[in-house]
Amino acid sequence: MIPEISSSANAPHGAPQVASQSSKWIFRRNCSLSPKQLLQWYLSLCVITLVIATGFLLAGFWIVLPFAGLELLLVGTAFVIYARHAADYEMIELQPNQLTLVMVDGTKLTQLEWSPQWAKLSYNGKYKAPLLFSHRGQQVKIGKFIAEKDKSALHRELKAALARAACAI
Numbered sequence: 002m003i004p005e006i007s008s009s010a011n012a013p014h015g016a017p018q019v020a021s022q023s024s025k026w027i028f029r030r031n032c033s034l035s036p037k038q039l040l041q042w043y044l045s046l047c048v049i050t051l052v053i054a055t056g057f058l059l060a061g062f063w064i065v066l067p068f069a070g071l072e073l074l075l076v077g078t079a080f081v082i083y084a085r086h087a088a089d090y091e092m093i094e095l096q097p098n099q100l101t102l103v104m105v106d107g108t109k110l111t112q113l114e115w116s117p118q119w120a121k122l123s124y125n126g127k128y129k130a131p132l133l134f135s136h137r138g139q140q141v142k143i144g145k146f147i148a149e150k151d152k153s154a155l156h157r158e159l160k161a162a163l164a165r166a167a168c169a170i
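Residue numbers (the numbering used here): 2 to 170.
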């Protein structure tokens, strides 16, 4: 997945940043449907299935209706599981005096605010290895939504931005 990168100034990519700027990287799960779109699709599936099952019921085949209900229950359960994680994301916001890490996983929100002077970033380059932020004994893994081919470039970019933010004060 390609990260969304935003900055408070309209400087071209690669241009030096001013110390008062903040940079933000947002990494999202690659989902084809939002939870709202999924609900709309599921409701239309329910209507179509129940219309067909009612037709069979009126024709005397009552057994179709319970199986249609069971099918909709199982599909609905799968959609709920999918929708709980469709909006997951990770965010890194770097300001001259603060590093903010936000991780959303289902209903769990984790937000950490660290000093960039004490924060360290490491990445070992192995397949499926996360980017590892550490700060005074705490460690946080970032990067489950980042494509493997983009991790090393992102590591270099974040490390340089972290060094600039640490020297800005």
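No lab work stands behind these hints, which were simulated from the structure alone.
It is possible that some hints are incorrect.
What the hints assert, rightly or not - EDC-like cross-link-like pairs, simulated, lysine to aspartate or glutamate; straight-line CA separation at most 20 Å:
| # | residue 1 | residue 2 |
| --- | --- | --- |
| 1 | K160 | E114 |
| 2 | K129 | E72 |
| 3 | K121 | D89 |
| 4 | K129 | E158 |
| 5 | K127 | D106 |
| 6 | K145 | E72 |
| 7 | K145 | D106 |
| 8 | K142 | E72 |
Claimed, not checked - Derived Cβ-Cβ restraints for the label pairs, each shown as a range:
| # | residue 1 | residue 2 | range |
| --- | --- | --- | --- |
| 9 | V103 | G61 | 16 to 22 Å |
| 10 | L110 | G61 | 49 to 55 Å |
| 11 | P131 | S45 | 23 to 29 Å |
What you are looking at is a predicted structure, and each value in this text was computed from that prediction instead of being measured.
Beta carbons are placed, not taken as given, at the ideal position from N, Cα and C, and that holds for glycine.
Hint check results:
no., hint, result
1, K160 <-> E114, "holds, 17 Å"
2, K129 <-> E72, "violated, 36 Å"
3, K121 <-> D89, "violated, 24 Å"
4, K129 <-> E158, "holds, 19 Å"
5, K127 <-> D106, "violated, 24 Å"
6, K145 <-> E72, "violated, 32 Å"
7, K145 <-> D106, "holds, 11 Å"
8, K142 <-> E72, "violated, 38 Å"
9, V103 <-> G61: 16 to 22 Å, "violated, 57 Å"
10, L110 <-> G61: 49 to 55 Å, "holds, 53 Å"
11, P131 <-> S45: 23 to 29 Å, "violated, 39 Å"
In summary, the structure is inconsistent with hints 2, 3, 5, 6, 8, 9, 11 from the numbered list given earlier, while agreeing with the others.
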